[in-house]
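Dock the two chains into a complex; use the hints.
Read top to bottom, the protein sequences are chains A and B.
The opening position of the first sequence corresponds to residue 1 in my numbering, with each subsequent residue numbered one higher.
The opening position of the second sequence corresponds to residue 1 in my numbering, with each subsequent residue numbered one higher.
Quick caveat, the hints were computed from the structure, so don't treat them as lab data.
No experiment lies behind these values; they were computed from the predicted model shown.
Heads up, the beta-carbon is just placed ideally off N, CA and C, and yes, glycines get one too.
None of the hints are false.
Below 30 Å or equal to it, Euclidean Cα-Cα: the simulated BS3-like pairs (lysine-lysine) are: (1) 249(A) - 286(B); (2) 17(B) - 259(A); (3) 259(A) - 316(B); (4) 259(A) - 279(B).
Distance ranges between label pairs, derived from CB positions: (5) 185(A) - 171(B): 43 to 53 Å; (6) 139(A) - 194(B): 37 to 47 Å; (7) 119(B) - 22(A): 20 to 30 Å; (8) 71(A) - 294(B): 23 to 33 Å.
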Amino acid sequence: MSLKIVVCVKYVPDATGDRGFAEDLTVDREAADGLLSELDEYAVEQALRIAEEAEEAEVTVLTMGPEDATDALRKALSMGADKAVHVEDDDLHGTDVLGTSLVLSKAVEHVGYDLVVCGMASTDGGMGVLPALLAERLGVPQVTLLSELSVAGGKVTGRRDGDAATEHLEAALPAVVSVTDQSGEARYPSFKGIMAAKKKPLETLDLSDLDLDAGQVGQEGARTAVESATERPARTAGEIVTDEGEGAKALAAFLAERKFI
Amino acid sequence: MAEVLVYVDHVDGSVRKPTLELLTLARRLGDPVAVFLGAGADTAAPTLAEYGAVRVLAADAPEFADYLVVPKVDALQGAAEALSPAAVLVPSSAEGKEIAARLALRLGSGLITDAVDLEAGESGPVATQSVFAAAYTTTSRVTEGTPVITVKPNSASPEPAPAAGTVEQLTVEFGPLATGTAVVSRSPREATGRPELTEAAIVVSGGRGVNGAENFAVIEALADALGAAVGASRAAVDAGWYPHSHQVGQTGKTVSPQLYIAAGISGAIQHRAGMQTSKTIVAVNKDAEAPIFELVDYGVVGDLFDVVPALTEEVKARKG
Ligand SMILES: Cc1cc2nc3c(=O)[nH]c(=O)nc-3n(C[C@H](O)[C@H](O)[C@H](O)COP(=O)(O)OP(=O)(O)OC[C@H]3O[C@@H](n4cnc5c(N)ncnc54)[C@H](O)[C@@H]3O)c2cc1C
Ligand SMILES: Nc1ncnc2c1ncn2[C@@H]1O[C@H](COP(=O)(O)O)[C@@H](O)[C@H]1O
Chain A
1 MSLKIVVCVK
11 YVPDATGDRG
21 FAEDLTVDRE
31 AADGLLSELD
41 EYAVEQALRI
51 AEEAEEAEVT
61 VLTMGPEDAT
71 DALRKALSMG
81 ADKAVHVEDD
91 DLHGTDVLGT
101 SLVLSKAVEH
111 VGYDLVVCGM
121 ASTDGGMGVL
131 PALLAERLGV
141 PQVTLLSELS
151 VAGGKVTGRR
161 DGDAATEHLE
171 AALPAVVSVT
181 DQSGEARYPS
191 FKGIMAAKKK
201 PLETLDLSDL
211 DLDAGQVGQE
221 GARTAVESAT
231 ERPARTAGEI
241 VTDEGEGAKA
251 LAAFLAERKF
261 I
Chain B
1 MAEVLVYVDH
11 VDGSVRKPTL
21 ELLTLARRLG
31 DPVAVFLGAG
41 ADTAAPTLAE
51 YGAVRVLAAD
61 APEFADYLVV
71 PKVDALQGAA
81 EALSPAAVLV
91 PSSAEGKEIA
101 ARLALRLGSG
111 LITDAVDLEA
121 GESGPVATQS
131 VFAAAYTTTS
141 RVTEGTPVIT
151 VKPNSASPEP
161 APAAGTVEQL
171 TVEFGPLATG
181 TAVVSRSPRE
191 ATGRPELTEA
201 AIVVSGGRGV
211 NGAENFAVIE
221 ALADALGAAV
231 GASRAAVDAG
241 WYPHSHQVGQ
251 TGKTVSPQLY
261 IAAGISGAIQ
271 HRAGMQTSKT
281 IVAVNKDAEA
291 PIFELVDYGV
301 VGDLFDVVPA
311 LTEEVKARKG
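Chain B on its own, in the form it takes in the complex (with noise of 0.2 Å):
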């Protein structure tokens, strides 16, 4: 059977939800080989066998932290030679996308960004994106070259498939431009004890009805009753009341969250961008004509000062 290459996302060696999702995704095109780059490749090896890693080509080199992307090019494009794998999966994280586009270029490959479903036709793998702000939804294929095809977040559930999982070295070659960026020093995020923003099964998110920085406590409060993720609309972020990294939309983080809860966003076309694929959508907002109402499946018109906080205490209640 054909091998499939699969980019490991992880850090210090805990493999990041996605990778899962796209090891699962890869079974349905060939025998997933991943590729983990840095360090903590024996930490990550029992994980990445478990959902289907026949191998485990691992490198670890400076050069992957001190230097942005090329360098990781440079060892997937060693491993993708040598392999001539039926496709190249990477997940679709911004340096993901990078990784993967560079990857393309050197291979003479097409190339499909943000696919959120994969399988395989009779001439490669088929991808299915959403466009246009979720308005469609396409189905492509690359005609040329090795398939580098990067996938979004939540596109599969990950299920188990035990394999082998041989860690082998990978000896990477770098090129000149490996060097040319220098990562002068990385801050990695606080962790919120939430969970990710992208990978959570529930997201809920505030906008400029919240109005103010302190508030946000109260849309934290809903969604720690049901362990979920907080995000929020530009217009929240921009006014200061909660960091970038948890936008939702167009420029911030696109989520498909099995539920999705907004409360005080009027659901303008660039947040749509971000949460209309979400199976179930519930709206708080105070007026009636809000857009957002147009997308959602429950929708409650009032106060998000009224509504939110008793809906904590009523999941708080029943959850016991």
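Isolated chain A (complex conformation) (with noise of 0.2 Å):
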């Protein structure tokens, strides 16, 4: 019996080029390049180890996003992903958290899945919610933001580093997994992997396909509204000081000024 994974990825801007936000007060995608989300690689990466563990097991990975974000499907099909599933349609735009959640709930029933894979957060809205929202959705366990995982008899355990403590957390299969930057680092994709890549189904589906309508999702389904978006004054520069032996001392004395010491 064949072991079926969807790994949900997330196109997002490149957090080192510069990022803002449209006319519309929604993230602009054309303002920096786009590329496969940073924390979804480890999902990527735990969903194949968990694959070359199981007698079979099939790996897909889904996306729910703008024409480009087969980027990110490629990019996790060239680290040795099977298929890709590409949801994508015009009245996506400006879906909130809670529309993406449904929409990508809707795909992983298409899909068919035993255990579903994601980031910790996606490194632009960087909410970590979906993979709770996606288990509330499926009604299945949600064993999330973990450092450690395995899958073994139906069941999957994990360890996850809380605020407050270390918790070992256990749930049957189906449920949805969600796997931090501390589980291992993903690998690169070999030059055999990317000629492979190419080859591989890549199923795009639009809202139709889901069964869903215009009106469940896009700014018009969101149940949050952005009413501004400033960008945040560059921090006046400073004074900065070369330490010539009397760096620890000027430093005391501006503490000092600021009533911190």
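This is the structure:
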């Protein structure tokens, strides 16, 4: 029996580029180059490791995003995923996280799954809540923010390093998991992997394929509205001194002046 | 006046500071009603009352500790449906965000995470957020349902405003998903005796420049002289020099202290994401070109092994 794994990956603006907002106050996806969210590489990596351990497994990478989001899927395929699904529809523009979880839950069900693997957070929105929402929608356990995980005997177990404690978690499959950047370095695609990725199946779905209406998603379906976005004023250049033996004294004087000591 | 639900973050009944900040912010929107889950409600109630809770809805059941997230969502959902509050506020921890998200979905409400400020608006609360590694500040509003909002630590200073804080039992019906994810074991983080990283007024962080686990003693000594928490860059954490729970940045903690001191940290965008909103920023780095200097109020170009210990001595001398 084959283990069906779906990995949710997001195509995001490059964090080292110039990120900003479009006129309608949605994330400007033109301003900076896009790429596979670095935090989702960890999800792809863990999915591939689980698949390698399993007797038989199939790894599908799934994204919801604009046309260029196929770049993220190709990258994941070149790392070793078997096939890809791209949900793309003009009506998706401006979808909030609740809407995204609706679309992805439908797409995950469309593909079929035993295990859904997500990243810990997207590097643009960075809410870190989609995996929990997906579990709620699918009605399956959420085993999230894992630094370590394994799948065996129809169960997923893992370690969650929380704010106050480290927890060992366990749940029966099917389940939704998310993994942190502590879970293990992601592999680089090999040349062979990059070549093979070009021939792997990539399915494109729109809202009607998932039995969804435009009103449930996009800006129309969103339950939050951004009212203003202001660029944070650049911090005014501070004073910089070079230490020639007196640096600590000067710094202490600054801290005293600001009443920290 | 409308009621506002505030989810209480606590350790065995000892209420954590972000909850007091939430109670303070909640008063701008209505009468705070605290939801306390787990053991220790009687210990917590006087503190919650002092900071403005008109009522404390308390529930204790083994499910809260034995299973992940969902039992708490079940409880909060019950409270929200019974009260029809003007908003639900939850502290922005990893768990808090997951609880809030699932609650919003169940209530058919909009969700805002990581607010850094909250005001009453004409059509509901207006939340301020800091996005794209704090390069932008946005204001947002929930347009449907009961607003569910998570608020970051250090977003307000807790102000006492004594209220009744009557403890009432909250009956919870656990749904079929409550027992889905078992917490097989839990080891609480060891107390360091230093302030909590996200709550501290001063944070001293070390990076790759610290060059070894044993050298973090230099950072800790300055932190202790200032009464500060200790942070670390991802490079220092990945090298195994300091625990991951102290990482500051995009994939670590976001801090917003009065004073942030970065020693041996270059100031990569992912690190900035976690500290850029600090009120005063100071850096010690031997490379004058390090990007961290673009952010600082005061910078010292120099070797941290000279500057930091000497600063520690200065601080001790001045504090007497
Ligand atoms: C998806 C993603 C998420 C990330 N999340 C985080 C995160 O949460 N937090 C984070 O910090 N990083 C994060 N990073 C990593 C980030 O990009 C940087 O690699 C990291 O912040 C660098 O750490 P550093 O400044 O300590 O090291 P470096 O960049 O190597 O800088 C070390 C600095 O120390 C100085 N130095 C060396 N010796 C001395 C000395 N004796 N005295 C004074 N100065 C000295 C050097 O001049 C240099 O500027 C993330 C990266 C990615 C891709
Ligand atoms: N548009 C999307 N397409 C596919 N996966 C997504 C999308 N948005 C978020 N995810 C997944 O959900 C995780 C958390 O996202 P977020 O809640 O937005 O921080 C990411 O790391 C991805 O695994």
